[in-house]
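> The primary structure of each chain is shown beneath.
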Amino acid sequence: SQTIHQWPATLVQPVGSPLSLECTVEGTSNPNLYWYRQAAGRGLQLLFYSVGIGQISSEVPQNLSASRPQDRQFILSSKKLLLSDSGFYLCAWSSGRTAGTEAFFGQGTRLTVV
Amino acid sequence: AQSVTQLDSHVSVSEGTPVLLRCNYSSSYSPSLFWYVQHPNKGLQLLLKYTSAATLVKGINGFEAEFKKSETSFHLTKPSAHMSDAAEYFCVVSDTIASGGSYIPTFGRGTSLIVHP
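Residue numbers (our numbering), protein chains in the order written: chain H, 1 to 114; chain V, 1001 to 1117.
The hints are simulated quantities; they were obtained by calculation from the structure and are not laboratory data. For clarity, every value in this text was computed on a predicted model and none was experimentally measured. Check each hint, because a few of them may be wrong.
Just a few of them, taken from the derived set where beta-carbon distance is under 7 Å, the chain V residues facing chain H [what the hints assert, rightly or not]: (1) 1032; (2) 1053; (3) 1107.
Derived SDA-like pairs (lysine to any residue); straight-line CA-CA distance at most 25 Å [claimed, not checked]: (4) V:1042 x H:14; (5) V:1042 x H:68; (6) V:1058 x H:43; (7) V:1042 x H:54; (8) V:1042 x H:87; (9) V:1058 x H:100; (10) V:1042 x H:72; (11) V:1069 x H:98; (12) V:1049 x H:28.
C-beta: ideal position from N, C-alpha, C; glycine also.
Just chain V, same shape as in the assembly (with noise of 0.2 Å):
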């Protein structure tokens, strides 16, 4: 069985200094793991996505994410936080094979990023 953890539900920064938003994951398996990010009362976007290659994964806008595997952890990071970056986000695990043999995604209960000037 598969879970994941989001250890923060808010997490506030002022712009300019580094993010870090927290997760760590439960799996049976080598899991496939993924952040993606929403913004208000829109759909969600992807990130990043952690494919059992690179432990170090770069995002788009920026973020990157280290796979820990000792730690079970997927945190994202961002070295300098912008405005546009206030928005919601999700960390995911995939490894559950449904009937058929597909995978199903597994979500986190999200972080909401608050920015201040």
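For reference, chain H alone in the conformation it holds in the complex (with noise of 0.2 Å):
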């Protein structure tokens, strides 16, 4: 069975540090991955995507950036993170390739930037 794995759970880090962000998935291959972020109340924003190693698509300029170094891994980074990089991250993967597949969930980085 395929599980997702992300972390770390939870991360206070400083205005101005950098942040490193990992996820990875097992027991498929080639799989989508994505990059969500969820503020208060205003639902889930896409960040990045990923349909293969090192194909990179962004939905929103940020201070952000995404990597995919190995197939199953995902990377969200900041050289300098903003007080309003601060929320509720999250790492997605699927299929992606038929209409209907769903999606499957890590279980979040809850980030305050202070």
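Two chains, two separate frames, one set of hints: put the complex together.
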């Protein structure tokens, strides 16, 4: 069976510090991978998605970047965090190749920038 | 282009009464539609999905949703609310084909379900 791991669960970082959130998927190959951010009362905003190694699509301009160094690894990064980067970050995967395939989510990372 | 509108940011019900969470979608194609539930500080769990088969879809925990193409709606219902149903609920549409032929899900803003004893 497939599983998705996301860490850390919580993170408190000072403004201007770097960020690295990691997500890995097991039990599947060539998944679509996604990073979402959830701000209070604003639903889930798609930040990045990847359909293959080294292929990253950005949905919104921002202070963040994503990388996919391996097939089942997806990393969210920032060189210098802003207060507005605080939020709940969710990684997800799907097969994505046919209509109706659902996305599976990690447990999320609560990031607080202070 | 696809989009989804959840008409209520909060819904409050008493335990044992029916639940209705409303969702309208916009899609250029025959969409796939999903409902997810999120408990506080947790990831999202799939409740149910519609993929052009039966228009009435049954999910986990007694939830169901009906796809109505004429109304472009996919409302989520449950006959009797339980305290454990208190959570955030997201309606999702997926028909956009990104590069490489992949379907990308688009989320609504979410509806917070509050259940009173």
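> If a hint holds in the structure, say so; if it does not, say that too.
Checked hints:
1. Of the supplied interface hints, the one on residue 1032 (chain V) holds, with its beta-carbon coming within about 4 Å of a beta-carbon of chain H, less than 7 Å.
2. Because the beta carbon of residue 1053 (chain V) sits about 9 Å from the nearest beta carbon in chain H, more than 7 Å, this interface hint is broken.
3. For residue 1107 (chain V), the interface hint holds, since its Cβ comes within 7 Å of a Cβ in chain H; the closest pair sits about 4 Å apart.
4. Pair hint residue 1042 (chain V) plus residue 14 (chain H) holds up; C-alpha atoms about 24 Å apart against a cutoff of 25 Å.
5. Distance hint between residue 1042 (chain V) and residue 68 (chain H) is fulfilled; the C-alpha atoms sit about 24 Å from each other, no more than 25 Å.
6. Taken as a hint, the residue 1058 (chain V) and residue 43 (chain H) pair is honoured in the structure, with Cα atoms around 24 Å apart against an allowance of 25 Å.
7. Proximity of residue 1042 (chain V) to residue 54 (chain H) is assessed by CA-CA distance (about 28 Å); at most 25 Å being required, the pair is judged violated.
8. The suggested pairing of residue 1042 (chain V) with residue 87 (chain H) holds, with an alpha-carbon distance near 13 Å, which does not exceed 25 Å.
9. Under the criterion of a C-alpha separation no larger than 25 Å, the hint pairing residue 1058 (chain V) with residue 100 (chain H) is consistent with the structure, at around 15 Å.
10. For the suggested pair residue 1042 (chain V) and residue 72 (chain H), the alpha carbons sit about 21 Å apart, so the restraint of at most 25 Å is met.
11. Under the criterion of a C-alpha separation no larger than 25 Å, the hint pairing residue 1069 (chain V) with residue 98 (chain H) is consistent with the structure, at around 21 Å.
12. With a C-alpha separation of about 21 Å, the suggested pairing of residue 1049 (chain V) with residue 28 (chain H) holds against the 25 Å cut-off.
Violated hints, listed in ascending order, are 2, 7; each of the other numbered hints is respected by the structure.
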